[in-house]
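Asks: One-letter residues, chain by chain:
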Amino acid sequence: MSGVLALLGGPRSAALHLGLIAVLAVLQFVLAEYHHIAMSRILVLACFAIGFNIAFGYTGLLSLGHALFFGAGMYGAGLAAQFLAVAGPGAFLIGLAAAIATTLIAGAIALRTAGVSFMIVTLMFAQAGYLTVYYFGAYTRGDEGFVVDATMRTLFGLALNDATVRYWIALALFAVCLVGALAVARSGLGRVLVAIRENEERARMLGYDVYRYKLTALVISGAMAGAAGAAYGLLFGYVGASFASIQYSILPLLWVLMGGAGVVLGPFLGTLAMFYLIDLTSGVTTAYLLVVGLALIALILFFPKGILGTLREKLGARGASWLP
Amino acid sequence: MDFGPFFLLAAMEGAVGAAVLAVTALGLSLVFGVMRVVNVAHGEFYMLGAVIAWWVTSLLGVHPALGFLAALIVSPLIVGAIAGAAERLVLTRIHYDPEATIVATIGMLYIIQQAVLMTYGPDARPVQPPFDFRIQLPWFGYSGYKLFVILAAALLMLAVWWGLTRTRVGLMMRATQFDRETARAFAIPVDTVYGGVFAVGAMLAALGAVLVTPIQQAHYLMGHDPLLLSFIVVIIGGLGSLRGTVLAAVIIGMSDGIISVFFSPTLAKIIATLAVAFVLVWRPQGLFGERPA
Amino acid sequence: MAALDAQATADAKAPVLLRTQGLTRRFGGLTAVDSVDFALPEGEIRALIGPNGAGKTTFVSLLSGRIRPSAGRVEFDGRDVTQLKAHARVARGIAYTFQITSIFKAMSARENVMLAAQRRLTQGLLGPSEERLRAEADAALARVGLGSRADEPAGALSYGHQRLLEVAMGLGLAPRLLILDEPTQGLSDEEIAAFIDLVRDIARQSTVLLIEHNMQVVMGLADRITVLDRGAILAEGPPDAIRADEAVQRAYLGG
Ligand SMILES: Nc1ncnc2c1ncn2[C@@H]1O[C@H](COP(=O)(O)OP(=O)(O)OP(=O)(O)O)[C@@H](O)[C@H]1O
Ligand SMILES: [Mg+2]
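Chains as they are written, first to last, in the numbering used here: chain A, 1 to 324; chain B, 1 to 293; chain C, 1 to 255.
Simulated from the structure, these hints should not be mistaken for lab results.
The C-beta atom is built at its ideal place from N, Cα and C for all residues, glycine as well.
Among these hints, one or two may not hold up.
[What the hints assert, rightly or not] With a cut-off of at most 30 Å between alpha-carbon atoms, the simulated DSS-like pairs for lysine-lysine come out as follows:
1) 105/C to 305/A
2) 105/C to 85/C
3) 314/A to 105/C
[Claimed, not checked] Just the calculated beta-carbon pair ranges, DEER-fashion:
4) 263/B to 93/A: 35 to 41 Å
5) 93/A to 129/C: 29 to 35 Å
6) 114/A to 187/B: 32 to 38 Å
[Stated by the list, open to error] Over 10 Å on every C-beta distance to chain C, these chain A residues come out as not near it, computed from the model:
7) 141
8) 144
9) 286
The following block holds chain A by itself, in its conformation from the complex (with noise of 0.2 Å):
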């Protein structure tokens, strides 16, 4: 038991995560339609950056190609249940494989350079990998997309165009990759992920193999992206191009920027406001990347912690903050 605790961060942090997780499979029964759907997406979307965090907020690692690794887990899910007839798990299970394998080998590639040149190269496999759906348009059907098959989106019997099931799913799916990332953050996985991006130097001289841990950080981190984008093109229904491209790369950025970088619970934060500021200011302007943009220049001008990140500095004064 203490070893989950511990696992866990703590009984203040797991008391926090576990509860977190607690009310958000009550509020289903309380939220009204449309914030139940919303609520869906934002938690799958959430798993999605809660995998960027794992690279971006934890290793130190700014990719601006995870469209890639989520659109490999949709395309690999969302094919196999329109060509090849397999239903739910298992169009889930190959879009994660397809996610992890596309990580693995941009990954290998791309954790040869560093800094600037690192973004442009990761920036270019998810160009190359967009450009690829449309080349394949006789099956990916490009921009236009396709909409998977309703006897596919099963899962053991359930109906996943149900509400009810999706948000169960949805919830599940985000519990699970948040306890990773809890795990992951407090282990002494997260430690040497977190000592690489504070000082690479000094960490490869205390004998560690830097870049096979980055290329470990970033294939957990494209398995919850691909995991995402797999959920979220069998759960919705429809798999289409621009889940592929470079604004799927931004827009997790964007989100753990928000929340809060290495802070486990940022990316759930980020995502959620991001989609409630769209929201609200949907009845102003319809163009909504206006306010991405906005909201990336004014995060990295005014407040380049996030939300969480900055609470976090002022809870624990002296580094020794109890929120993981």
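With chain A fixed as given, assemble chains B and C with the ligands onto it according to the hints.
Replies: For chains B and C with the ligands alone, kept in the frame of chain A given last:
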């Protein structure tokens, strides 16, 4: 058409694309070379240049040649002013941190693009070419304006080269590029140089776009491809090397034009983006750069 | 010089832990380390001295694998490690503490040392327990005299204490060879005295290669001294012989 003339046509189209690309990429390369930052909003400055060109010509409503000339002057000036302001307001405050700058310029990208969408709208609009004569070749006629674009681009690049190597301002830029701290010690106003370089980089993008508007219509999403191609060119040419940039622009522009005619343009772009990634990984000094000792 | 060589053969009884042959590193036109043949017997405290820019840091960086040699080879514990990456050499037991303080500033002093111990105690995928790691870290911190500062963020420690934290991280690695690059820079006189005792203590388990400008520390600690000048070994021998060596005096006094 036979293969020979067809190839000639493809090559000429490629040369026009290469000329515009060279001017645009030169701007990106200049900013990277001197400031060591990547400007992701470069493509949007290009788009802004084209949209303002349309706006100037249609607002003036004079003879196409006059209107075009006005656009050629006004558009880069406005774009330069906007870029300069953005640099003062944002980039100076994040101290040109390379990663933060990329995030900030992504923000600028969306702001400019969506602001244009909200004001200019989603339509594509043409600018009339300043003159209208065709050169008659034995196999096909060819737009004289397109040849003018090649000439103008060449002149522009000569002007940039002259400005960098023969003027005091250019000297300051090169000194800053060589070593920021030493330049500061020699009383070179490094901050002003940075602001200026960022503005000039954007102006080059705008100039490339003004040249292109009579051929290609102005549209709020048109910045995407030039950005990507400029990235490709700057990286393959060797980050920060102006000579490499021009050389790479000619090669990439020509081959992009030719491959797109004969093969799938999507495949051409996939190959080009992957090539860039591999160059950055295995030959970070670019194809034309010397490996540093 | 003849006297020095005789001394060298007399002392070379312990097995050699580290040996270099023709080790060379060039930076452009500059040869920072020039074809150095060097041998360090197990259990010794060896001081490496030389004027600024002599190539000391570059030399030990070649030993630890932080930079690659232009030519030559490095042998550790009888095996050729020239091709090994830095992290793999650390795993074999070569630890390096940086001349320019390099720590994890945002982490507590304890976590800095825990990181050092963690890799050593990790077997396969299974890491050590947090309690075990803490105990190891606190012990190392206590040895360098930072026991009471374990919870402070490393970046908030004074410069001298950050130097000691570097040493504690070196201890956390429990290395066979500990390379210390000017560890006493910025320490007070009392701290230096305590440091001398500490290194004597460390030397009971590890071989120590110490780069140092403070002659009091060098003379007080070193079994033998190697003098590096312009990338090459100028002299080598016990402290008294080095003190009397004319060439060394010339190099230092700029004769
Ligand atoms: N990365 C590098 N690139 C170019 N030159 C270098 C590099 N590192 C060291 N040098 C040069 O190599 C020579 C040896 O430097 P090194 O740091 O090894 O000297 P040192 O003996 O440790 O000096 P100090 O006592 O000042 O620490 C110096 O001339 C230095 O300028
Ligand atoms: Mg040194």
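Asks: Next, verify each hint and record whether it holds.
Replies: Verification of the hints:
no.	hint	verdict
1	105/C to 305/A	holds (17 Å)
2	105/C to 85/C	holds (25 Å)
3	314/A to 105/C	holds (18 Å)
4	263/B to 93/A: 35 to 41 Å	holds (36 Å)
5	93/A to 129/C: 29 to 35 Å	holds (34 Å)
6	114/A to 187/B: 32 to 38 Å	holds (34 Å)
7	141	holds (43 Å)
8	144	holds (45 Å)
9	286	holds (42 Å)
Every hint, counting from the list given before, is met by this structure.
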